[in-house]
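**Student:** Here is how the chains run, residue by residue.
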Amino acid sequence: MNYLFLFRMIKTSVGRKQLMAVTGLLIASFLFIHLAGNLLLFKGEDWYNGWSELLIANPATIYIEIGLLFLFIIHITMAVWVRTEDLINASYRKYDMSRWHGGRTIGSATMLYTAIIILVYLVFHIIHFRFADKSIGVYQMVVSAFRSPLFVSIYIIGSVALALHLSHGFQSALETLGINHIKYNVYIKIAGYLVAVCMVFFAVISLYFYFGLDLREIADASNIVEMTIE
Amino acid sequence: MLKLDAKIPSGHIEQKWDSYKFNAKLVNPNNRRKFDVIIVGTGLAGASAAASLGEAGYNVMIFTISETPRRAHSIAAQGGINASKNYRYDGDSVYRLFYDTLKGGDYRAREANVYRLAQVSSQIIDHCVATGVPFAREYGGLLDTRSFGGAQLQRTFYARGQTGQQLLLGAYSQMMRQVSEGNVKIFTRREMMDLVVKNGKARGIVVRNLLTGELERYAAHAVLLATGGYSNVFYLSTNAAACNVGAAWSCYKKGAGFANPCFTQIHPTCIPRSGEHQSKLTLMSESLRNDGRVWVPKNKGDKRNPNDIPENERDYYLERMYPAFGNLVPRDIASRAAKKMIDEGRGVGPTGEAVYLDFRDEIKRQGLDKIKEKYGNLFDMYYRITDEDGYKSPMRIYPAPHYTMGGLWVDYNLMSTIPGLFVMGEANFSDHGANRLGASALMQGLADGYFVISSTLPNYLASTKFEEAHIEDSEFNDSENSVRSEIKKLFSIKGNKTPNEFHKELGNIMWENCGMGRSEEKLKKALKLVPSLRDEFRNNLKLVGDEGFNQTLEKAIRVRDFLEFAELLLKDALYRKESCGGHFREESKTPEGEAQRDDENFAHVAVWEYAGENKEAELNKEQLTFEYLKPSTRSYK
Amino acid sequence: MEKNKFSITLRVWKQKDASSKGYFESYKVEGIIPDMSFLEMIDVLNEKLIKQGKEPIFFESDCREGICGCCGFVVDGNPHGPDEHSTVCQLHMRRFKEGDVVTIEPFRAKSFPIIKDLIVDRSALDKIIAAGGYISVNVGSAPDANTIPVDKNTAEKAMDYATCIGCGACVASCPNSAAMLFTGAKIAHLAYLPQGKPERTKRVLNMIKVMDSLGFGNCTNEYECEAVCPKEIKVGAIAKMNREFLFANFLSEEEPQLPPVFHKSTVDVPEDE
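Here the protein sequences come in this chain order: R, V and C.
For the first sequence, the numbering used here assigns the number 1 to the initial residue and increments by one for each residue that follows.
For the second sequence, the numbering used here assigns the number 231 to the initial residue and increments by one for each residue that follows.
For the third sequence, the numbering used here assigns the number 868 to the initial residue and increments by one for each residue that follows.
Hints in this document: simulated from the structure, not taken from any laboratory.
Every residue, glycine too, gets a C-beta built ideally from N, C-alpha and C.
Just to be clear, a hint being listed does not mean it is correct.
Stated by the list, open to error - Under the rule of at most 27 angstroms between Cα atoms (straight-line distance), these lysine-lysine pairs were calculated in the DSS-like manner:
hint, chain 1, residue 1, chain 2, residue 2
1, C, Lys1019, V, Lys718
2, C, Lys881, R, Lys94
3, C, Lys1019, V, Lys602
4, V, Lys428, V, Lys483
5, C, Lys883, V, Lys724
Said to hold, decoys possible - Looking from chain C toward chain R, a few residues come up when the C-beta cut is under 8 angstroms (computed):
hint, residue
6, Ile1015
7, Tyr1090
8, Arg1110
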């Protein structure tokens, strides 16, 4: 028996794509947890800080982070590999007139560019939050960042890129793993777009704070209190 | 004189094939590798022969004119493949398939061969299913069959309207399996130019590498020809552009007898031509006649929109002339009837060379959806080509050359008059007599390739003493030199007319004078026109480019062969004074105008022998004897 | 019913051979009848060129009824032309109008080297089939055809994938020049049929291995292949191939070898010596 069959996952085109698909889907599921955490920002400082302390205090976190790092490394390595081959191939297919024939979407055609944006954003994001000074509390750190137009712009670009990436990536990953069924294809497509829309919520949260809607709520709340006193 | 020994095994017809196989000499598995076999052509017959011989362990080299074996024109067959499986329990049997095929061929085929064809037909289906051909199935999961012209039962297996494609891809995949095993080597883009005969045996071929223009030599112990038919002699036919008679013609010139070249089949339901530019005709499945009604206006030159012509001014001529079979008469009869209408000046459409095929009544009866379900792809195809909606107004159809029953003469072993030269599929003459029934071509190609040649070739190899043959031999030299000088000759002409113009002109002559209706007068006229066209070709051909990759040159070589071959076809048509099957001599008809066969004088195969350049071909005859089925007159009234 | 004749300008890719540099040459084509097919229009032009002693445009076609897969080039950026799910031989001139400038160029892909003008070498597709696109049955050894029932739906699905004509438009349209639809279609055709099951591990692993070695690209699931396929083969074929691969890699115990002809070298096989 050849126990090296796992290497076939990197030795063949289909295997590489499937590795990319699996790691991509795992990263996407992490993003949902991440998003869930972010949504706690709406709940207020205590909730959010509590969540982040829970993460920091949990000894498993570091392993999860290392795991994530590996996922990213595999996903990116495979992408670079696959893309390099494809770019070499593309140099042979320079049509004088190039056209889309109905299969491509903006998401699928921009995978490479959204990937680069996401990667740059990710580096920035990690430097900015993971290794930042957290003395003022994580909530304050995040919220104050969201007050900055520069940061919010970066954040919006990042999450829109992520949404585009996943608008193709989700269903593409499923197809690569062989999930294609005449009954479910439409739902998979819709699910892919829903996943993409979810990613936009990262941006929505930042805009929420940028426009000070959290403060207005507090203000509104105090108004209500005042009104009741009256 | 050719020695025409059909080598039919003795015994009762039901035992002939089995006793042949038992008596045949075998080649020891270890020795098979020592035998080289050349196959020319990768259609159904060629590819399946490569597969079966490769499996057996012979060293096979297969040549195709195309870029890949899968382009062979077998791929375009639509309808289906016959087999005497009797899965429907509707009275089918080997004997009945034998009977239908022989009768359909107007009793001009060899009984023993046809019986063998019917015998192996059911094994073909077994093998094809096992090799992954996705035949149509019923809800219970078993194979579906349908009916086809010339038979009163449902014995035709099919894969949508693409049966030929599926069978060819099946045979191709089996051949590719042998390629992967190293038993078969494929040589693509090679056109056979000449057969090399040494010590009276076929021992190799000279091919032209179409990409480089180089002439290449290949030696072997046997040469198997599977190069298809010659319908393109009519220029406009349903055959693919590359189909040509060149390979068979070069074998004829090396001594192989050419049998019954005048037996050509005209298919009644093709899309008519739209103008001078027309390069080929497209066939629509015969099945359309199941529900469509064929008619022309009663009045000459009626140019009204067909939907405006009232019922009483329409002439449903097939139903009128053949009330028993109506629109479902066999191909040759339907074609001739259409021609008659057109000759009377009642043809329709812009060129006046078409008749209507009308679905109006059936759409009314069965509903549009049902008709769409049955024939949707054909209506789409018609729309794509003509820009007309066949559901709304009747389709226009016209007959077109489609298949050629004639071909190189072969005996029971499929061997031609040259020892070691075997001919399979449409390229040989054997099994269809004067008319082929629908869905029988695929059956014959696969029978020859998978089942017959794999038994008869070993018998030849085992029982023959072979001398050394090498590509450096003088026979190969001579052959290559003559091919080269012929090509040089073409370049030296420097005239004004393109090969295509000659081909078109030849086609016109042939179609006008030797198409659906042939007469002594017309044939004699054509026999003057063709040689003079050939002379013009030799003096006024225009070529461009060089001897390398040159599509104009390829065409010129093929047209040259057609120009020579056409004369033989005409001569055979003139010789055969009877009407039978696809060959209709206007002089030989019943008082009602139907074909009149002459069994007394023409119950034989006319085999033509090459006598040398500018010499008249010599006629040889193989008498056909009918021990089991007595010839009867076909009647569809 | 005489239809109006019209003229167009044809920009054609001319290239002497694989190693030469190609360029576009423009031809004015006059007297076009709407009922002409696109290839007949080129025929007419070629006849004129030959008459003038010029080199005609080299292109391939054979059956001219959309089934042999021989024709194929790119018309205004569309493999097989602007008609959906059709081959270029089925394209008719009524699609165009007076004064149009029509650009035609060959299928462009690393694995389809240009031979001349519009003709490319698609023999790589044959090599993929030779790697396993078949069922191993010897002549005469098959059981009766009705021994194994195949449910109608499955048989139809296999037929859907079996209709591939091997024209290469999927490769030509793919942004990565992948042959996944072609390969997937053959794998799916055989994998759906019970007759193809015994060899499924060997088939999928070998065909993918050979496909990779021939320089075809990777699939990024953009479905351009599906959009241009003349036989409307669906990307379900690729998904099926992916499933077959997962099965073969993780569940099957078999470790197949490539067929003998591939042992010497993987790229330079099966044709020619």
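**Student:** Determine for every hint whether it applies to the structure shown.
**Tutor:** Now for the hints, and whether the structure bears them out:
A C-alpha spacing of about 58 angstroms is found between C:Lys1019 and V:Lys718, which places the hinted pair above 27 angstroms, so the restraint is violated. Between C:Lys881 and R:Lys94 the CA atoms are separated by roughly 15 angstroms; this keeps the pair inside 27 angstroms, and the hint holds. Straight-line distance between C-alpha atoms of C:Lys1019 and V:Lys602 comes to about 20 angstroms, which keeps the hinted pair within the 27 angstroms bound. For the suggested pair V:Lys428 and V:Lys483, the alpha carbons sit about 14 angstroms apart, so the restraint of at most 27 angstroms is met.
A distance of roughly 23 angstroms separates the Cα atoms of C:Lys883 and V:Lys724; the hinted pair therefore holds under the 27 angstroms criterion. Look at C:Ile1015: its Cβ only gets to about 24 angstroms from chain R, farther than 8 angstroms, so that hint breaks. Here the hint on C:Tyr1090 is kept, as its CB sits about 3 angstroms from the closest CB of chain R, short of 8 angstroms. Among the interface hints, the one on C:Arg1110 holds; its C-beta lies about 3 angstroms from the nearest C-beta in chain R, closer than the 8 angstroms criterion.
Violated hints, in rising order: 1, 6; the structure is consistent with all others.
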